[in-house]
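**Student:** The chain contents come next:
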Amino acid sequence: MAAQYILNGFVSGMILALPAVALTLVYGILKFPNFASGAMLTAGAYLALIFNVYFGMSLLWAAIVGSVIFAFIAVGIDQAVFRQLRDRTSITLLVCSMGVSFVLENIARFIFGNGARSYDLAIARPKHFLGLRINNEQIITAVTVIAAMIVVYLILRHTALGRAMRAVADNPSLAAARGIRRESIVRWTWGITGCLTAVAGVLAGMDRAIDPLLGWNYIVSTFAAAILGGLGNPVGAVIGALVVGVVEETSTLFMPPNYRQIVSFAAIALLLILRPQGLFGVARIKK
Amino acid sequence: MTAPILLRTKDIAAGYGGGDIISNISVDVEEGKIFTVIGPNGSGKSTFIKVLAGLLRARVGGITIKEEQIAPLAAPERVAKGIAYVPQEYNVFANLTIDENLRLSTEFLKRDRRATGEQRERVLGMFPEIATRLKLRAGYLSGGQRQMLAFACAMMAAPVVLLLDEPSAGLSPKFVTEIFDRIKAVNETGLTVVMIEQNVKEALRIADTVLVLVGGATRLFVPASEIGSTHDLHKLFLG
Chain A
47 MAAQYILNGF VSGMILALPA VALTLVYGIL KFPNFASGAM LTAGAYLALI FNVYFGMSLL
107 WAAIVGSVIF AFIAVGIDQA VFRQLRDRTS ITLLVCSMGV SFVLENIARF IFGNGARSYD
167 LAIARPKHFL GLRINNEQII TAVTVIAAMI VVYLILRHTA LGRAMRAVAD NPSLAAARGI
227 RRESIVRWTW GITGCLTAVA GVLAGMDRAI DPLLGWNYIV STFAAAILGG LGNPVGAVIG
287 ALVVGVVEET STLFMPPNYR QIVSFAAIAL LLILRPQGLF GVARIKK
Chain B
13 MTAPILLRTK DIAAGYGGGD IISNISVDVE EGKIFTVIGP NGSGKSTFIK VLAGLLRARV
73 GGITIKEEQI APLAAPERVA KGIAYVPQEY NVFANLTIDE NLRLSTEFLK RDRRATGEQR
133 ERVLGMFPEI ATRLKLRAGY LSGGQRQMLA FACAMMAAPV VLLLDEPSAG LSPKFVTEIF
193 DRIKAVNETG LTVVMIEQNV KEALRIADTV LVLVGGATRL FVPASEIGST HDLHKLFLG
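Which chain is which? The protein sequence lines are A and B, in order.
With the first sequence counted from 1, adding 46 to any position gets you our numbering.
With the second sequence counted from 1, adding 12 to any position gets you our numbering.
Since the hints were derived computationally from the structure, they do not count as laboratory data.
Glycine included, each C-beta is placed from N, C-alpha and C at the ideal position.
Do not rely on the hints blindly, as some may be mistaken.
[Unchecked claim] Pairs of lysine-lysine, BS3-like flavour, derived with a Cα cap of 30 Å:
id : chain 1 : residue 1 : chain 2 : residue 2
1  : B       : LYS213    : B       : LYS186
2  : B       : LYS45     : B       : LYS196
3  : B       : LYS247    : A       : LYS77
4  : A       : LYS77     : B       : LYS147
[Stated by the list, open to error] So the derived list for chain B, only partly shown, Cβ under 10 Å to chain A, looks like this:
id : residue
5  : ILE95
6  : PHE105
7  : ALA162
8  : ARG231
9  : LEU232
10 : ALA236
[As the list claims (entries may be wrong)] Some chain B residues well away from chain A (every beta-carbon gap over 10 Å; in silico):
id : residue
11 : GLU42
12 : ALA87
13 : ALA92
14 : ARG115
15 : GLU119
16 : THR128
17 : PRO140
18 : ILE218
19 : ASP220
Model the full assembly from the supplied sequences, consistent with the hints where possible.
**Tutor:** Right, dumping it as structure tokens:
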């Protein structure tokens, strides 16, 4: 039974990994925690819903088209909102991202109402392996997230864009002196962020009903995962997400499931007190 | 016989916030020479070199390189024009490897300025202490080795002028002489060097021309050989 909870926790953690990496990328480049991550996840879920339910696309194609479109929307949000406040403090940008969050959430509410919706997805029997029950959505989630993380890792470690993103995160003025245009890197960062959160939205929408508050179910856990991994550290964010997912899920063995986010809150509180740089924060060289 | 003028500033003024930190600075930097800016703390040396690098815009005045006006250009565009800048601190990407630092030094420049394999080998040949540790994160290098990596990165784009912001700052005395010897060796390849420096004795050892800045204004602009023989630095610095 415990193994089943751990498996479920890993899959929940995988859904968290996408917005956690997105959060940490934005933090690394722009130095503010993007509170709109949850609402961006919700918006991504609704975009895919439009293509899946109203245009009759398969969920795979709806997710691809929706996430590409949302990548452009995320860049548009940056240009319309965050760019105007580029050199302001992280607190100003955090508050601004709260505003973006409320706007996105209420656009979804205005168009789709408060009712719960779901994707047009065929119901499949769960599979059984070594006594574990694995449903179709879990397999899709695992494959999608692993593929997305491999792509993000390859971009960050083995492409000129990834090197430039890490360079801007490390030392923006030196990056400028090396001919790297920060604004171009910022746009790419928002594009990748939009894509990752939209895909996470689709996976979340497969896991539970889609409503305008969908993202709120993930926002605390996403922050916990990113902080656990050390904000600004994408690999740490993935590990943090998996840890948070497993711990939240296994905590339901001891407490009612609707209290499981207490674990995330407790993790954030403990880390901020004991190790504010996160579990993997020490690996970064400050100077 | 004087060399042609590579870099020229004409009556430039710049600063942060309301007031100017430097004003009316006009200098000519000859091609293939070492031009050094010295002065007491707070005299505007770092501001001057940041203006040349494009990290701070001149409020008035002009900057030309090979007679082409570059004052309106931002830092990345000046890099494309052949200006390489090595900051005093944080002059390498500490969380990236040496190899990644070297790649990034030209990866985002126009194709004609990107380092060829031959250029990379030539630069690594000049800095053998980093050539054998390409996979090491730059943050793990010592201060002197970081400075070498910063020079190497600047050299990768085959720049026309190298701007150095206090290259000996924070280095142990053992490394200081070595750093200045390396700068001279780099200059002897034909590269023009503009350097600001607190270590006046070492800087004057290799410099061709000297600008003495005091209170953000030009106190003296002469060949380096004249300093010491005809000018008293203490008087110049303290007014």
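**Student:** Grab the minimum beta-carbon distance between B/ILE218 and chain A and tell me whether it stays above 10 Å.
**Tutor:** The claim holds: B/ILE218 sits with its nearest Cβ about 23 Å from chain A, beyond 10 Å.
**Student:** Would you settle whether the hint for B/ALA236 is holds or violated, based on the nearest Cβ-Cβ distance to chain A being less than 10 Å?
**Tutor:** Violated, about 27 Å.
**Student:** Hey, does B/GLU42 actually stay past 10 Å from chain A on C-beta?
**Tutor:** holds (24 Å)
**Student:** Taken at face value, is the distance from the CA of A/LYS77 to the CA of B/LYS247 at most 30 Å?
**Tutor:** violated (46 Å)
**Student:** Are the Cα positions of B/LYS45 and B/LYS196 separated by 30 Å at most?
**Tutor:** holds (10 Å)
**Student:** Does the claim that B/ARG115 lies off the interface hold, with its Cβ farther than 10 Å from every Cβ of chain A?
**Tutor:** With a cut-off of 10 Å, B/ARG115 comes too close to chain A, as the shortest Cβ separation is near 6 Å.
**Student:** A/LYS77 and B/LYS147 were given as a pair; does the straight-line alpha-carbon distance stay at or below 30 Å?
**Tutor:** Given that 30 Å is the threshold and the Cα spacing comes to 27 Å, the pair holds.
**Student:** B/ALA162 was flagged as interface toward chain A. Is the shortest Cβ-Cβ separation under 10 Å?
**Tutor:** holds (9 Å)
**Student:** Taking C-beta pairs only, is B/ASP220 more than 10 Å away from all of chain A?
**Tutor:** Non-interface label stands for B/ASP220: nearest chain A Cβ at 24 Å, farther than 10 Å.
**Student:** Was B/ALA87 rightly flagged as not at the interface, with every chain A Cβ beyond 10 Å?
**Tutor:** Per Cβ check, B/ALA87 is inside 10 Å of chain A; nearest 4 Å; violated.
**Student:** Is it the case that B/PRO140 keeps its Cβ farther than 10 Å from each residue Cβ in chain A?
**Tutor:** Per Cβ check, B/PRO140 is outside 10 Å of chain A; nearest 23 Å; holds.
**Student:** If we take the beta carbon of B/THR128, is the closest beta carbon in chain A still more than 10 Å away?
**Tutor:** holds (16 Å)
Checked against the numbered hints above, the structure violates hints 3, 8, 9, 10, 12, 13, 14 and 15; every other hint is satisfied.
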